[in-house]
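If you're matching them up, the sequences are chains G and D in order. Per the numbering used here, the first sequence starts with residue 1, numbered consecutively. Per the numbering used here, the second sequence starts with residue 1, numbered consecutively.
Mixed in with the good hints, there may be bad ones.
[Said to hold, decoys possible] Straight-line C-alpha distance at most 25 Å; calculated DSS-like pairs for lysine-lysine:
{"#": "1", "chain 1": "D", "residue 1": "Lys160", "chain 2": "D", "residue 2": "Lys127"}
{"#": "2", "chain 1": "D", "residue 1": "Lys340", "chain 2": "D", "residue 2": "Lys326"}
{"#": "3", "chain 1": "D", "residue 1": "Lys381", "chain 2": "D", "residue 2": "Lys270"}
{"#": "4", "chain 1": "D", "residue 1": "Lys326", "chain 2": "D", "residue 2": "Lys270"}
{"#": "5", "chain 1": "D", "residue 1": "Lys340", "chain 2": "G", "residue 2": "Lys276"}
{"#": "6", "chain 1": "D", "residue 1": "Lys270", "chain 2": "G", "residue 2": "Lys276"}
{"#": "7", "chain 1": "G", "residue 1": "Lys276", "chain 2": "D", "residue 2": "Lys160"}
FYI, nobody ran anything at the bench for these hints, they're computed from the structure.
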Amino acid sequence: MSTRILKAEAGIAGGDSAVEMPGDPAASAVPVTRARLVWLSWRGLVYQLAGILLTFLGLVIWLLTANLSPIELTTLAPAALWVYTVEHVQLTLLAAVIVLVIAIPLGIALTRKPLRFLTAPVLAIANVGQAAPAIGVVVLLAFWVGFGFWAATLSLVLYAVLPVLRNTMVGLQQVDDRLIEAGRGMGMSSAAVLFRVELPLAVPVMLSGVRTALVLLVGTAALATFVNGGGLGILITTGVNLSLTPVLVTGALLVALLALLIDWVGRVVEHVARPKGL
Amino acid sequence: MSELIASNPAESTATDGSTGITGASILLDHVTKRFPGQARPAVDGLTMEIPAGKIVMFVGPSGCGKTTTLKMINRLIEPTEGRIVVDGEDVTEMNGDALRRGIGYVIQAGGLFPHMTVATNIGIVPKMLGWDKARIAARVDELLELVSLDPALYRDRYPKELSGGQQQRVGVARALAADPPILLMDEPFGAVDPITRLRLQDELINIQEELQKTIVCVTHDFDEAVKLGDWIAIFNEGAQLEQYDTPERILGDPANEFVENFIGSGAGLKQLTLTRVADVALSDAITGRPGERAADVLARIVEAGHGHAVIVDERHRPIQWLSRRKLGRLEVVSQVPDPKLPVVGIRSTLNDALDTMLVSSAGAALVTGRRDMFKGVIDVKTVMDAITRSQSAAVLESDQAPVGLNTGLFQAQAAAAEAAPGESAPGEAAPGESASSTADARAAQ
Numbered sequence: 001m002s003t004r005i006l007k008a009e010a011g012i013a014g015g016d017s018a019v020e021m022p023g024d025p026a027a028s029a030v031p032v033t034r035a036r037l038v039w040l041s042w043r044g045l046v047y048q049l050a051g052i053l054l055t056f057l058g059l060v061i062w063l064l065t066a067n068l069s070p071i072e073l074t075t076l077a078p079a080a081l082w083v084y085t086v087e088h089v090q091l092t093l094l095a096a097v098i099v100l101v102i103a104i105p106l107g108i109a110l111t112r113k114p115l116r117f118l119t120a121p122v123l124a125i126a127n128v129g130q131a132a133p134a135i136g137v138v139v140l141l142a143f144w145v146g147f148g149f150w151a152a153t154l155s156l157v158l159y160a161v162l163p164v165l166r167n168t169m170v171g172l173q174q175v176d177d178r179l180i181e182a183g184r185g186m187g188m189s190s191a192a193v194l195f196r197v198e199l200p201l202a203v204p205v206m207l208s209g210v211r212t213a214l215v216l217l218v219g220t221a222a223l224a225t226f227v228n229g230g231g232l233g234i235l236i237t238t239g240v241n242l243s244l245t246p247v248l249v250t251g252a253l254l255v256a257l258l259a260l261l262i263d264w265v266g267r268v269v270e271h272v273a274r275p276k277g278l
Numbered sequence: 001m002s003e004l005i006a007s008n009p010a011e012s013t014a015t016d017g018s019t020g021i022t023g024a025s026i027l028l029d030h031v032t033k034r035f036p037g038q039a040r041p042a043v044d045g046l047t048m049e050i051p052a053g054k055i056v057m058f059v060g061p062s063g064c065g066k067t068t069t070l071k072m073i074n075r076l077i078e079p080t081e082g083r084i085v086v087d088g089e090d091v092t093e094m095n096g097d098a099l100r101r102g103i104g105y106v107i108q109a110g111g112l113f114p115h116m117t118v119a120t121n122i123g124i125v126p127k128m129l130g131w132d133k134a135r136i137a138a139r140v141d142e143l144l145e146l147v148s149l150d151p152a153l154y155r156d157r158y159p160k161e162l163s164g165g166q167q168q169r170v171g172v173a174r175a176l177a178a179d180p181p182i183l184l185m186d187e188p189f190g191a192v193d194p195i196t197r198l199r200l201q202d203e204l205i206n207i208q209e210e211l212q213k214t215i216v217c218v219t220h221d222f223d224e225a226v227k228l229g230d231w232i233a234i235f236n237e238g239a240q241l242e243q244y245d246t247p248e249r250i251l252g253d254p255a256n257e258f259v260e261n262f263i264g265s266g267a268g269l270k271q272l273t274l275t276r277v278a279d280v281a282l283s284d285a286i287t288g289r290p291g292e293r294a295a296d297v298l299a300r301i302v303e304a305g306h307g308h309a310v311i312v313d314e315r316h317r318p319i320q321w322l323s324r325r326k327l328g329r330l331e332v333v334s335q336v337p338d339p340k341l342p343v344v345g346i347r348s349t350l351n352d353a354l355d356t357m358l359v360s361s362a363g364a365a366l367v368t369g370r371r372d373m374f375k376g377v378i379d380v381k382t383v384m385d386a387i388t389r390s391q392s393a394a395v396l397e398s399d400q401a402p403v404g405l406n407t408g409l410f411q412a413q414a415a416a417a418e419a420a421p422g423e424s425a426p427g428e429a430a431p432g433e434s435a436s437s438t439a440d441a442r443a444a445q
């Protein structure tokens, strides 16, 4: 008799090729191939990349055809633009690495039992800190540590630590307590439960925090120019100060495209690193 | 059922190979748990013996400390006072993780890790114990078979691709992975629908018949306790043991008003659920196989004077039940299983069997044993005879009841146990020290 019931249950669960969700009438009506499923899951990412590339192409064409003054031509020379972009990416990535090194272990530590009483207050502070205006943080810190690359990096780190920390903690908190108990009940050590159960299950939330932080960093790194920290922000300030609209537009577009590109990379990583079965 | 009860709790350890018991005995020795910030202890001086190879059900109102007691056995919750003794060995001080690797643990809804496949989930404990890959893979398939899931179909699925009942099955398979002598279950069937629950209960009974583990199971469902338990422990607040006895005795002779209230109405009907199909005499049946000529099968049943023939598949599982009339109309016996076949497991209760019979048109049901193999036929008359017999038998008191008492109330016995620490202190483990005497003593307090 049990085989009979089992067959019924297997039917509910969508047969043996069940990659698609059970009970979806469309899935049974139209034969869904594996390739089509892969395409559906990647479609958004492909469109995003195409949009970024097209906008960049549009910008290049416009710069090549526009009637630019000599000052504008000097400021927007490809070599100069490349240097600004590299500085910008360096600032962003360095800050991001520091952020990851600080925020993820801190987030893990704050959700462990001895420190768990700190979880709620830290989350509250993290949420409030997020509301502080970036430009204020950048400039105030520069007065404290001195102007330059490191002042910019430090303020970027401070600013981007919060989303990563918050998402690490939230990601770990939302893991079902019963799963942790099941792990412990099977004789897994608390470290094994952390690395084999909690962190894998927290990965999607943590990665989206990292992506948010990276996008924030790209945007905020444009403010580094105020403390002499370099980056693409110089184009925007120059454009505003000297009323050079093409320079301003180019700077703003490049920052935006860089942010979108990094967001795209983050989404790809999330898509690939997301544990199967979730 | 009484013949299944072990001769003496002190003897029935895992080393007792002759009876096929693979379980280990458990002794909770004066165990107390106080949670910080709570005035009253959650578990108060509980001494309790859990015999090897038996299913012991913990029931009681919510917050009575039954789950806390369960989790103290594998030390997920550390006892504040007292000792935990498994198979004669004090495990109170040993490494908790190592202890838990040797004790199966099943929670509600299976508690499967969603990011791991069924096979990975089941292989967790063997992997921690350092088994090689081939051995783990073989064990996974064996266990999936045991819980009636086709390994080829389910091995590589993720939990979200399984139904609730299937997840629970995998949960049981995972707990059994390293062949632990003890299985702890915390409301294992609480999250599945009633039909699936009955099915899983039957399967657990079948698995237990095969494996003879020591199973401790917490439930809030008294009917489940009656169905599954060899012994039932009824707890009141603070894990006060109100009665610890066989289901028959608890239903037939409740220790006090609390137990009576907990049983609720319909104790008489519930007694129907105490006798299992295995305990009554089954009628034989003529079997046939798919592909045989129907006329041959018909000739055999006419010769035996039967009205029906049971068609079994190559693994001796019943697939059809054909009357003379149907056989007469057939040329060759087909191999298509009849989805409405009235089947009960051999460990099902008479209540279930009766229910199945009433639904089926035949007024009888097919009985299957281990791995759904056909055993015989049960009919209404067999059930009626069995009920009459079991009613007269239930009044007799079992003299092999394991010890269960709250030692906070028994200072003298506690002192005696301290004087003679061992697997089980003689004063306590003496057979006949049944729960009813516990109740008497408490009344005297």
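Q | Structure-inconsistent hints, enumerated in ascending order | A | 4, 5 and 6
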